[in-house]
Amino acid sequence: MSELIAFLEPDRAVIDRRPAIIADLAGLLPDSCLITEERELVPFDTDAFVSYRRMPLAVVLPETTAQVAAVLKYCNDNAIPVIPRGAGTSLSGGAIPQEDAIVIGVSKLNRILEVDFPNRAAVVQAGVTNISISQAVDADGFFYAPDPSSQLACTIGGNIGMNSGGAHCLKYGVTTNNLLGVKMVMFDGSIVEIGGKALDAAGYDLLGLICGSEGQLGIVTEATVRLIAKPEGARPVLFGFESSVAAGACVTDIIGAGIIPVAIEFMDKPAIEICEAFAHAGYPMDVEALLIVEVEGSDAEMDAMLERIIEIARKHGVKTIKESQSATEAALIWKGRKSAFGATGRIADYICMDGTVPLGQLSHVLEKTSEIIDRYGLRVANVFHAGDGNMHPLILFDANDPEESLKAEMAGNDILKLCVDAGGCLTGEHGVGIEKRDLMRHQYSDADLAQQMRVRAAFDPKWILNPSKVFPLDRRNGSQPGNQSAAGDDRTAA
Amino acid sequence: MSTTDIQYPGSEEEIARIVLEASEARRPIEVRGGGTRLDLGRPVQSSSVLSVARLSGITNYDPSELVMAARAGTPLAEIEAALAQNNQMLTFEPMDHRPLLAASGEPTIGGVFAGNVSGPRRISAGAARDNLLGVRFVNGSGEIVKSGGRVMKNVTGLDLVKLMAGSWGTLGVLSEVIFKVLPRPETAVTIAVSGLNDAEAAEAMAAALAMSVEVSGAAHLPESVINKFAGGSLKGGPATVLRLEGLTPSVEVRTGRLVAEMSRRGTISVLEGDVSAGLWRDIRDVTPFADGTSKPVWKVSVAPSAGHQLVAALRLKTGVDAFYDWQGGLVWLRMEADSEADLVRQYLKALGGGHATLVRADAATRASVPVFEPQPKPLEALARRIKDQFDPAGVLNPGRMTVGM
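Protein chains in written order, with this note's numbering: chain A, 1 to 494; chain B, 1001 to 1405.
FYI, nobody ran anything at the bench for these hints, they're computed from the structure. Don't take each hint at face value.
[Unchecked claim] Straight-line C-alpha distance at most 27 Å; calculated DSSO-like pairs for lysine-lysine:
id	chain 1	residue 1	chain 2	residue 2
1	B	1146	A	417
2	A	417	A	269
3	B	1377	A	73
4	A	368	A	269
5	B	1377	A	462
[Said to hold, decoys possible] Covered stretches of chain A, going by a simulated chain B footprint (3 or more residues, C-beta under 8 Å):
id	segment
6	156 to 165
7	172 to 180
8	194 to 205
9	223 to 236
10	357 to 370
11	377 to 391
12	427 to 439
Cβ coordinates follow ideal geometry from the N, Cα and C atoms, glycine included.
Just need the whole structure built from these sequences, with the hints factored in.
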């Protein structure tokens, strides 16, 4: 199959040294933490962006920060690329390795180290899953707010790498707004601690920079995250509309009226059908667009808020209103939404876009999206976080058909450019990875990218950390290996 | 310095030209907005000043998108007035430093973000940095750079937006900022619990934040300062104040629940309307220490339950007055005489870490005592490398945050 996205040319010299490198790694950490057999390496050859695969040189799964540091120092000293990996749920190819790279996975760093309720903080290792934090503090009435759809599997380390969001970030923010501190291994094996249980850290906002840096600045091994008191109750309500435009206008008016529900999710008809067939959540089948609006609080609070939301929805000709009557029903509604990607995967291959647009542009972008999809003769299911403009068109295609696969990727690129042109961005929560790397120049000027790359180089002078990701491969900065031109000259070809 | 020494560029391109010239000549420039926070930070060694005050105006605002864009020199007052007209607000409640620093001038929106200036709602709505979505700036080489955008979720590339927030003009000259705005709450009330000592107050605040009532402000005002808040209307000794905001029926329900829990701890009074609003303004602006003196004032960020321990330890050694915001995690200290920087930072470290900023002190003190918390060596080295990547000639606000940076 032809590939639209290129990887860096693997360093033959590194690959040729494989046996020696493996022997060296074996001296740095226990045998049980080192994977070198081809059969066992296969699960690491891609992430959730499955159209691209590369076998790594080896995988290490360290049990301590010190082991991470030892491996990273070794790789930096020997100019071996390193691919940090959480659970491998990245939708943008952020964790896809390359033939000359060592994968450092954090899956064995899976302990919750401390839960501190008076300070509303939890200290966890990077391989802890997102959901397990909330589970650990649930009985005490707290939760960890960011809730990506992959929360059963994805790790907090991966969440930090991608600055993950979720359905409820309209109210609670994304990872960067809920992260208090990290312990991180730098390129040279030194270990730094940034932030802690205080709300703000000193100096430049390194925490903010690290969050969402896609594993290019260091490897986070521990995180201090903020805990929030659980709401007394939560109630998702389904609102069915006769058109996507009406649903979009309703979202704008709810927010314009000063009401910020905890989540507003949008699904179009194809998405409703796919999710209902999978989850049997009771979604209305006779509507063109569906909003899941979730409110929180005591019953009296939720009633008061819903009353106002229903009034607004009526103005937009809402066809169906269905309140969940029990916790089981509420869970089903969310199960349907959160399994949208998985459910889609049962009926077709798909790629999921992640552009974000200003709220006022939602209807326009939806309309243009269907035009693009029609032009390529494909199908699309739209499911997204309407409250914050983060769109997730799922482009359906047949991966066995090389021509259709290529069309799907091209349609995806057109949709992302559309999002940028509408005043938005390429990715709201999935990250750039390899998927959107070559579109970066559509959003950023050379000066913008050069500034980012210079900052990157301040953390990783040899560009060994996740080197094929985020930044277009051509015109990279001077600080890449083998390229000694002055930093800031962005006209040099890699 | 006479005003003729100040350059007021009217466009981003003009900023770029001025900075480029300065960088080629390796001539430091002091970057400022409205100049209301000039006395916060180390004195900048520079003979030339660049003010963005004339780069002004709201550039994009559609209330239903919950986002506003404005040129960096736009007066904060203009921003807040435009938001108020649409029943919206800056949710992070930026502090006005003028009373505390006895400064004049108009705070600008660029200055607010350059200083990451936040207020009491920081515990529920985030800091200024959490609400900053996009920036345009001129780096130290005179290049115009943008990062982020005008959407609420954006992980496209490295988040230079966060780096610019709180960098005090040392990494770039902000020319435009894009930020999140939110509806004003329909109702706000304050539940005041009287009679708690600092340690009891810390427990009470932690208990309140552990309840599902969405406290949007949690402060403790010890007896020594209580009469300086809300025009002296709080009676009955120290007050622990908890703010609830939102839709009226919702606030009523939550008030009932919070009062029921807190009445076991102390005497309750409920403040509403202007009294409540004025109280939180006083907390935000550190009114009790806006005393016209230059007695050193510290802003200490610490784990919430450690704040009162820090104050207790300091009291055994030196003359200090204090009150607490952010559930106890933000401690405002006014020292009687010396800044006691070593003592403050030593105790802070012993209590598990955090950081202390010397928000007010005379220029001599600010030149000799690190105003911002000194960083551990590896982090300081990293900060220097970052500074070099934005401002290789070292011309933007040199020394404002750290000596030689």
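Going through the hints against the structure:
no.: 1; hint: 1146(B) x 417(A); in the structure: 18 Å, holds
no.: 2; hint: 417(A) x 269(A); in the structure: 24 Å, holds
no.: 3; hint: 1377(B) x 73(A); in the structure: 19 Å, holds
no.: 4; hint: 368(A) x 269(A); in the structure: 17 Å, holds
no.: 5; hint: 1377(B) x 462(A); in the structure: 21 Å, holds
no.: 6; hint: 156 to 165; in the structure: holds (count 3)
no.: 7; hint: 172 to 180; in the structure: holds (count 4)
no.: 8; hint: 194 to 205; in the structure: holds (count 11)
no.: 9; hint: 223 to 236; in the structure: holds (count 4)
no.: 10; hint: 357 to 370; in the structure: holds (count 4)
no.: 11; hint: 377 to 391; in the structure: holds (count 4)
no.: 12; hint: 427 to 439; in the structure: holds (count 7)
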